[in-house]
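Number of protein chains: 4
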Amino acid sequence: MKTIGLVTPGGDAPGMNAAIRAVTRIAHSRKLQVLGFERGWDGLLTNNFKRLTPRSVGGIIQLGGTMLHTLRCPKFEEKEGVRKAAETLALNKLDGLVVIGGDGSFRGALDLGRESGKLMVGIPATIDNDVFGTDETIGFDTAVNTAVKAIDQIRDTAISHERIFIVEVMGRKRGFLALDVGITVGAEVILVPENECKMSQVVEVLRENARKGKRTAIIVAAEGVGDTAAIAKEIEKHTGSEVRLSILGYAQRGGSPTARSRLLASLFAEKAVDLLGQEQGNKVVGLQNGAISNIDLKESCEKRKQIDSRLLKLAEMLSI
Amino acid sequence: MKTIGLVTPGGDAPGMNAAIRAVTRIAHSRKLQVLGFERGWDGLLTNNFKRLTPRSVGGIIQLGGTMLHTLRCPKFEEKEGVRKAAETLALNKLDGLVVIGGDGSFRGALDLGRESGKLMVGIPATIDNDVFGTDETIGFDTAVNTAVKAIDQIRDTAISHERIFIVEVMGRKRGFLALDVGITVGAEVILVPENECKMSQVVEVLRENARKGKRTAIIVAAEGVGDTAAIAKEIEKHTGSEVRLSILGYAQRGGSPTARSRLLASLFAEKAVDLLGQEQGNKVVGLQNGAISNIDLKESCEKRKQIDSRLLKLAEMLSI
Amino acid sequence: MKTIGLVTPGGDAPGMNAAIRAVTRIAHSRKLQVLGFERGWDGLLTNNFKRLTPRSVGGIIQLGGTMLHTLRCPKFEEKEGVRKAAETLALNKLDGLVVIGGDGSFRGALDLGRESGKLMVGIPATIDNDVFGTDETIGFDTAVNTAVKAIDQIRDTAISHERIFIVEVMGRKRGFLALDVGITVGAEVILVPENECKMSQVVEVLRENARKGKRTAIIVAAEGVGDTAAIAKEIEKHTGSEVRLSILGYAQRGGSPTARSRLLASLFAEKAVDLLGQEQGNKVVGLQNGAISNIDLKESCEKRKQIDSRLLKLAEMLSI
Amino acid sequence: MKTIGLVTPGGDAPGMNAAIRAVTRIAHSRKLQVLGFERGWDGLLTNNFKRLTPRSVGGIIQLGGTMLHTLRCPKFEEKEGVRKAAETLALNKLDGLVVIGGDGSFRGALDLGRESGKLMVGIPATIDNDVFGTDETIGFDTAVNTAVKAIDQIRDTAISHERIFIVEVMGRKRGFLALDVGITVGAEVILVPENECKMSQVVEVLRENARKGKRTAIIVAAEGVGDTAAIAKEIEKHTGSEVRLSILGYAQRGGSPTARSRLLASLFAEKAVDLLGQEQGNKVVGLQNGAISNIDLKESCEKRKQIDSRLLKLAEMLSI
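Residue numbers (my numbering), protein chains in the order written: chain V, 1 to 320; chain L, 1 to 320; chain G, 1 to 320; chain F, 1 to 320.
One thing to keep in mind: the hints can contain errors.
Capping the alpha-carbon separation at 27 Å, the derived lysine-lysine pairs in BS3-like fashion look like this [what the hints assert, rightly or not]:
no.: 1; chain 1: L; residue 1: K75; chain 2: V; residue 2: K237
no.: 2; chain 1: F; residue 1: K50; chain 2: G; residue 2: K214
no.: 3; chain 1: G; residue 1: K214; chain 2: V; residue 2: K50
no.: 4; chain 1: G; residue 1: K173; chain 2: G; residue 2: K303
no.: 5; chain 1: V; residue 1: K50; chain 2: F; residue 2: K50
no.: 6; chain 1: F; residue 1: K313; chain 2: L; residue 2: K2
no.: 7; chain 1: F; residue 1: K31; chain 2: L; residue 2: K212
no.: 8; chain 1: G; residue 1: K233; chain 2: F; residue 2: K173
Treat the hints as calculated values from the structure; they're not laboratory data.
Take these sequences, add in the hints, and give me the full structure.
In structure tokens:
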């Protein structure tokens, strides 16, 4: 193998640039060239890339976003698009492609691997942490800390006004982000889509808190639980207290990556280049049992990562 | 004068605790006692206060919110409520009251001053910066920086995805916060309620940017301009580009105050205690022409602070 | 068991308060009372404690330092001191004691366990991450991020002036902090006490960088490597370039804990209370292979944690 | 006038990039071209510049440092160097030069103005805030906040260990930074070179604090007061308490500029371009009485800015 490709086809996550840097430098130290395709799959459809060198990826480890940009690419979802991308791989004599992203990106990689016969290796990077086969994704730790800092600030107002706040965090259909954020801000209630949200339980917790003299409550809700404005109104109706809603929004997706997101990016990158060096493809690298490992790409795409129900119980115990 | 009161009746702002600390310590050094009424006007209706001492206000300079708490108090809006509060002032033999807050709090102070005949001094503290008679309010600088940090993060995603983002910041009916935030994040467009927002102009700016190769745009909108979700859709319709909306929300109200908000709190507090020491009331302290000054409380309540139109023009010139 | 003690005898670390909160609340939910001894071992010598309740540990999860305070206690290093502390345990009918700290604190716990026959459980909390038996200690992630943010700022100046900077980070005699910080800031050179620092190698790296056009270098040095001012001068002498030194200092020990330090604190606390509930003592809880576990207290005190040499190699490869 | 030059000859300060951006874009909107000389005066000696355009200064408003780089340039201190720089101005048909920096840079500008007869306008940018003619310099607010955040963290450890800490902040020979930092962190003692530091007074304050039950003290010392390690030892000797020293160092020079530093940069830039547009040179722009103004360049170089002694008194009153 002489040349590998690199692409970030999905939503951006803090630490993607650290991964791009690490893949490039590690590959370079193993005499591999790296082509960085721009704007996700679109770059593979249009053969739009830049040659990445140790120098050209300097000064990016601390930057959020992705220097390769990204773009939704409906064409790649069609057979014709995948064929075109496979041609681009052949044209540039790539033997392997590193795909940095989440499960959507990995499903694309699976298709492209089948069509092209080239080695595909996925590096999980998404703030949602919803990739099967890894305990943590690049960007997750950063997003958790961004949300925690914002909610620490919101608590100032919540305490001053002795009010109930619902804070909606990201996470798409899953509750990983909400759970970690909820525990670490000391939320009184955590709502995740993996658990049925019974309004009666929420109201009971808030009433019990009021009896104990806790006048303030922070409810952390995953966006996946649905209409948080409606939930806020429902709680107002049942408790008779004013409830304020704050939707944290896109700031969670950006920002300088935390040390952990940068480190994970570097370790995942090393493993990805290792796998390609050993002519292994159709893999997703990951963190399992505290060690860098890898699983089958197809398996990662098909299986559903479980949320840690013991953490939900711990959260309950800690919010008394 | 022997004893003064202190109250934070409105929304909280970062730096209020620094002001409480400074009023207490400066008053103490001038042999004045300080009673801190809890939960805004409610504490004056119920005679609920704590004696503030140099020690009891230690370790709070860096904390957001208000240690005296605050509460909406509809009763105080009625004549009977104001009368009751005046009784509390008399009961505790207070000659003066320091009211930390925004224009709503100051209107309450005006009423209470009339009813009680006691000296009232207002310290402007609100993230909205909409108090007439001062160029800056306590908490404004902190809120601007909180919003700027969040938007710096959002720009990572905006650039990676080459998209248009509308970010709604606070400010109630005014655009002071949006204007400062907009300039300092380098927003492509700033929407404030003081300026009529012509959709055609916004669209023209975005199109012109696209022609110049600027694929990303940040539009900072004051909450006072109305339905930002509708604006986002309108822009999508006219430009054909996807537009994302992020409402920054309550995190702007909290957080550790910036150095400037803490300093302003200390300077305002000194002036407020000075005024009371000179038996001057019905005043609002402020920053004018770079110096600590004061204006008439009634005037501050009645006049409307102007937004700096030159800043709006500068913003335009800087976003080319 | 009815009552357990809690003490933080060594240097503070961010997340200790989160651990105090979690131990207290989890113990309470299991019908255990918790006595928090003040100022480390001194509180055990003087029987100085406060009863910790779910309410009294509210609002501390986000605070740095330790609400129980800490103090160096030379008396406890003598046999008589340990005997006195054991008496305090007996006097208050404690069956177990949770000791939050580093290896120094754990050696104290070992002595006290022997003398008193009571169950001792250690929770590793130190920014140095130098406790055998756990991959990570409470506070380490926070300190790494504090250092990373500072060095990201220093790099602005380093790049603007095209200079070499040595940044000394904490870590006592070990290089764990320097290694993680060095990788995640993208340091050109990392100096740790576990590796012999050959000046000739450092100079060679810097010269090679200069040849490659890298005009700036960040050298991250663990305090354990010795006199960094002398190293700076040595490098100046050999390279002919100006070298600036920055010693990050005590800010690394404080600050609001990161989400990860708070989560680890919560998980360790749960394990510690579990162990005491099962009448198991002489343990240190820890994170091993990604899971919460525990090892023998004596073993933790006696064995030396190894630094990950693969990380050092990775760092080298990433800094080309 | 058709073309102006821009240079950042001294130490970097956060907000310099915001000033470079603003000068470029405002100049462009007035049909002026801008040449950015690289590495300070060296770029003028070697005719090394880049043409700055609205696009080439995009995405830098939030970055610390200076994109033009800077370098100490001993040659420029000699007559021959100034002559060479003047030739470069003539060669490129520049009528004016904007010099962003502190008093050292402005003395250079004064020399170059005399030699070349070209219009020189200074924009004050230094974290030291020691430029005569402006109440505030670009970067000062950022450095204050950086120091405040670090000391807020150090206070966690100070309180936990009930110790005295001396924190040395930057400021060269002046105490502006130390004074603002000291007030806003609530320092017990502030040491600035403008005030004679009497050890007996410091010790008396610390003793009095101990009597009042304040077990912790933060002493903020300007680097200009001299050997802080010696001061720490002196205090240890007189109080019998352990004293810890932390030198904040270069992190104060970098980092993303605060909103205020960015705003000041934009306002100063507008004024500087205005002045050049009106064929006015030999000026330093500044903030005076809350408004953007300008003073004579020579006067700014020759006069010494006074420290606000009322602030020192206020600090004392606030630290009781």
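For this structure, which hints from the list above don't hold up? none
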